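Undergrad: Each chain is listed here by its residues.
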Amino acid sequence: MDAIQVTNLTKRYGPTLAVDDISFTLAPGRVLGLLGGNGAGKTTTIALLLGLLVPSSGAITVLGHDMARDRFPALERMNFSSPYIALPGRLTVEENLITYGHLYSVPNLGARVAELAVQFNLTALMRRPAGELSAGQKTRVALAKSLINRPDLLLLDEPTASLDPDTGDYVRTQLETYQRETGAAILLASHNMAEVERLCDDVLMMKTGRIVDRGAPEALVARYGRENMEQVFLHIARSEAL
Amino acid sequence: MSALRRMGALVYRHACMYRRSWPRLAEIAYWPTLNMLIWGFTSSYLMRLHASPGVALAAGAMIGGVLLWEITLRAQLGVTIGFLEEIWSRNLGHLFVSPLRPAELIGALIVVSGIRAALGLFPATIIAYLLYKYDLFAPGPVMLLFFLNLLVMGWWMALCIVALLFRYGAGAEALAWTIAFGITPLACVYYPLSALPGWLQPLAQALPAAHIFAGLRAALRTGMADWGQLGAACLLNIVWFIAALAVFGAEFRRARVRGALLAIGE
Chain L
1 MDAIQVTNLT KRYGPTLAVD DISFTLAPGR VLGLLGGNGA GKTTTIALLL GLLVPSSGAI
61 TVLGHDMARD RFPALERMNF SSPYIALPGR LTVEENLITY GHLYSVPNLG ARVAELAVQF
121 NLTALMRRPA GELSAGQKTR VALAKSLINR PDLLLLDEPT ASLDPDTGDY VRTQLETYQR
181 ETGAAILLAS HNMAEVERLC DDVLMMKTGR IVDRGAPEAL VARYGRENME QVFLHIARSE
241 AL
Chain U
1001 MSALRRMGAL VYRHACMYRR SWPRLAEIAY WPTLNMLIWG FTSSYLMRLH ASPGVALAAG
1061 AMIGGVLLWE ITLRAQLGVT IGFLEEIWSR NLGHLFVSPL RPAELIGALI VVSGIRAALG
1121 LFPATIIAYL LYKYDLFAPG PVMLLFFLNL LVMGWWMALC IVALLFRYGA GAEALAWTIA
1181 FGITPLACVY YPLSALPGWL QPLAQALPAA HIFAGLRAAL RTGMADWGQL GAACLLNIVW
1241 FIAALAVFGA EFRRARVRGA LLAIGE
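Keeping their order, the protein sequence lines are chains L and U. With our numbering applied, the first sequence closes on residue 242, and no number is skipped along the way. With our numbering applied, the second sequence closes on residue 1266, and no number is skipped along the way.
For reference, chain L alone in the conformation it holds in the complex:
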């Protein structure tokens, strides 16, 4: 059973097609990159997968559940992180993790929170209000929150945006470790091409709501005769034909 199965998915806002008839699957244990320029439809696709948006047409099955009719059992087994959605700033890091641990009905919550504090180097920050943290610290807290329920499917929207290279590398290593240890599937939207090459098994290239190409990063680099994913991205983004 695929972690994600998307079939002929379309999202229309009036005359604007935000997502235009896309289909793809994500197998368990795989990491799929979602690439595209601003307005390509990446965030809309993630919002559709999370049930924040209702599709205009098409079907989404997540972890075996039809998201149109039965999204809550899937939501219990998935999680999400984005630097553009905050956690309550008045609450301490620990209180935020406890809140979300209860929302996801996490067993042995105290132990899980302590484990994540160590994993994401948050131990010294646990009693500090989340609103007082630096951007990098907030991102680490958001990632800890996204792993609180040991999700089978993790959706990440630019998880290392605003992080310095060292912290970014640390976060990527944590994600690799989690993915390797649990066999979770990860859908990653990112503008960081080095990150995509490092983490992703496959990549969907999106433009104006459509999937214009797909494949493993090294296969895409070879297909376009480029040196790396950054050049592939620029070629696709600037190409009128695609």
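Derived from the structure by calculation, the hints contain no laboratory data. Given the structure is predicted, the values throughout are model-derived calculations rather than measurements. Zero decoy hints are in this set.
On the chain U side, residues computed to face chain L include the following (Cβ under 7 Å):
| hint | residue |
| --- | --- |
| 1 | S1002 |
| 2 | R1005 |
| 3 | R1006 |
| 4 | C1016 |
| 5 | S1089 |
| 6 | N1091 |
| 7 | V1097 |
| 8 | L1100 |
| 9 | V1257 |
| 10 | L1261 |
For every residue, glycine included, the Cβ atom is placed at its ideal position computed from N, Cα and C.
Please arrange chain U on chain L, whose structure you already have, making use of the hints.
TA: Just chain U, lined up with the frame of chain L:
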């Protein structure tokens, strides 16, 4: 069990926030206390001016009205401010992609609102008793039914306001503060239904508040509960609450279609 745990998570989140924010805590009790002082002194002054059983009854009804109407206002504000707190902290995106069901969100906000209302009205109730010799609980246990009806009225109004927030985003925030106050003239808090012009009376009668306050005045006057008025208030609250849930559900679904949940803070 999981549903209770998820609701408990939200109550815990709000408790943590209030524990660390004295301005929020002070705001809960500020207006009920201030209103009680203003109307309490006004009632005392009227009593001194024209001491008679009729004026005493009116003064008692006024102080009782202030206290009881604050229950509705605090109940409504408790739910809508609880929801707005999630908008202000840009946390709604996380909540709506968690397993928290919309009904559980409503349930948790209602619990938070009930606690806020109790905390907010406690000082005003004490002031009424100590300064004005007004005992809110004098009519007996039947007052609990009045309280409950007033709370429920505040909650269904709040659900309608949250539905408007789904539709219009945080730009509709001002409604959270004004709608219930706008209904006050029709609630017949300080005067009987007959004081309203004839064409307004049917509108007032459609609100549970008009029946609750008529019942309260009858209880003060006769010492007996007016079960007819209380029954009408209960029935109207049930109808309004079901209607508000339907409006909330429809606007939530509509927000998911329009993508409004992604931009509700704007």
